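End of the sequence shown = 279 in this note's numbering, gap-free, step of one.
Please note that the accuracy of each hint is not assured.
Below 30 Å or equal to it, Euclidean Cα-Cα: the simulated DSBU-like pairs (lysine-lysine) are [what the hints assert, rightly or not]: (1) LYS148 / LYS210; (2) LYS111 / LYS148; (3) LYS250 / LYS202; (4) LYS111 / LYS77; (5) LYS14 / LYS242; (6) LYS250 / LYS272; (7) LYS133 / LYS37; (8) LYS37 / LYS14.
Restraint-style ranges between C-beta atoms, simulated for each label pair [claimed, not checked]: (9) ASN147 / GLU69: 25 to 31 Å; (10) ASN213 / ASN89: 26 to 32 Å; (11) LEU105 / PRO237: 38 to 44 Å.
Hint data in this document are derived by calculation from the structure and do not stem from the laboratory.
Please read all numbers here as calculations on a predicted model, not as lab measurements.
Glycine included, each C-beta is placed from N, C-alpha and C at the ideal position.
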Amino acid sequence: MTWRIISDSACDLKATDIECEKVGFTTIPFVFTIGDKEYIDSEDLIPSVMLDYMESTSASSYSACPSPEAWANEFMKADNCIAITISSNLSGCYNSARLGMESVLASHPQKNIYVLDSLSTGPECAMCIFALKKWIEAGLEFDEIINKAEALLANTHTAFALCSFDNLVKSGRMNKLVGFVAKTLGMWGVGSASDLGTIQIKGKARGHSKAINIITDYMTDCKFNGGSVIISHCYNPEISLKLKNAILSKWPATSIMMLETRGLDSYYAERKGIIVGFM
Numbered sequence: 001m002t003w004r005i006i007s008d009s010a011c012d013l014k015a016t017d018i019e020c021e022k023v024g025f026t027t028i029p030f031v032f033t034i035g036d037k038e039y040i041d042s043e044d045l046i047p048s049v050m051l052d053y054m055e056s057t058s059a060s061s062y063s064a065c066p067s068p069e070a071w072a073n074e075f076m077k078a079d080n081c082i083a084i085t086i087s088s089n090l091s092g093c094y095n096s097a098r099l100g101m102e103s104v105l106a107s108h109p110q111k112n113i114y115v116l117d118s119l120s121t122g123p124e125c126a127m128c129i130f131a132l133k134k135w136i137e138a139g140l141e142f143d144e145i146i147n148k149a150e151a152l153l154a155n156t157h158t159a160f161a162l163c164s165f166d167n168l169v170k171s172g173r174m175n176k177l178v179g180f181v182a183k184t185l186g187m188w189g190v191g192s193a194s195d196l197g198t199i200q201i202k203g204k205a206r207g208h209s210k211a212i213n214i215i216t217d218y219m220t221d222c223k224f225n226g227g228s229v230i231i232s233h234c235y236n237p238e239i240s241l242k243l244k245n246a247i248l249s250k251w252p253a254t255s256i257m258m259l260e261t262r263g264l265d266s267y268y269a270e271r272k273g274i275i276v277g278f279m
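Could you build all of it, start to finish, from the sequences and the hints given here?
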């Protein structure tokens, strides 16, 4: 029986991050249209090129999720397929993946296919993908893996700190007033993913030190006790490292991985944005 893990490009991972003979892994790209230019969130996209153009133009922009056909093509490549998507309350990607799954199962009912709704993005998706790989390698059954994955996602949390909310506001994913205040006052907006996978603001901070404190306070509120953390950043390694050190100072045994945001999370988090997944 062959296995495959499929994610949209919001996971911030690349194929080389999940190297395993027993498990295939791939990501399906989002597509961004900025004015008259189109950017495909493939593994070779350089997000800074997209951001440079986006910041230089007043042209409108939008993102498009992978089609059901793109998902169906990947589901045809293995006997057991597990997909994970960005929150269904932030994108139509989950519904698209479900449609792809249903079309494949209609003609190939013997396949095992499941689509996980992360109710988050980036780091939380990546944490689940690493766990899926571990469970598959350990020889767990398909249904057991799905149950464990759903439980993991229910107990994983996401926080973020952003300097700009332009694209989140333009796309209707965030209140316009919050975005305006953060940008005009030169502040960081710090927030989290709600239980429904929507964006909620935890506080506004003048300076990165205060933003880091809000994040670690939120981690404490979530009863974090030194488990696993993934930090995705959009061209902000310096502040990401300070956040890492702040986490380690409170929870020294924490396992922390650093990732660079791919196109989708770079588009919405924008330059200097930081997203944190923890469990």
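Verification of the supplied hints:
1. Restraint check for LYS148 and LYS210: the C-alpha separation of about 35 Å exceeds 30 Å, so the hint is violated.
2. This hinted pair checks out: LYS111 and LYS148 have alpha carbons roughly 20 Å apart, not beyond 30 Å.
3. With a CA separation close to 20 Å, the supplied pair LYS250 and LYS202 stays within the 30 Å bound.
4. For the proposed pair LYS111 and LYS77, the alpha carbon gap of about 10 Å is at most 30 Å, so the pair holds.
5. Taken as a hint, the LYS14 and LYS242 pair is honoured in the structure, with Cα atoms around 25 Å apart against an allowance of 30 Å.
6. About 24 Å separates the Cα atoms of LYS250 and LYS272, which keeps this hinted pair within 30 Å; it holds.
7. With a C-alpha separation of about 36 Å, the suggested pair LYS133 and LYS37 falls outside the 30 Å cut-off, and the hint is violated.
8. The suggested pairing of LYS37 with LYS14 holds, with an alpha-carbon distance near 24 Å, which does not exceed 30 Å.
9. Separated by about 29 Å at the C-beta atoms, ASN147 and GLU69 satisfy the suggested range of 25 to 31 Å.
10. One distance hint, 26 to 32 Å for the beta-carbon pair ASN213 and ASN89, holds here, with the actual separation near 28 Å.
11. Range check, LEU105 to PRO237: about 43 Å between beta-carbon atoms, so the 38 to 44 Å window is met.
In terms of the numbered hints stated before, the structure departs from hints 1 and 7, listed from lowest to highest.
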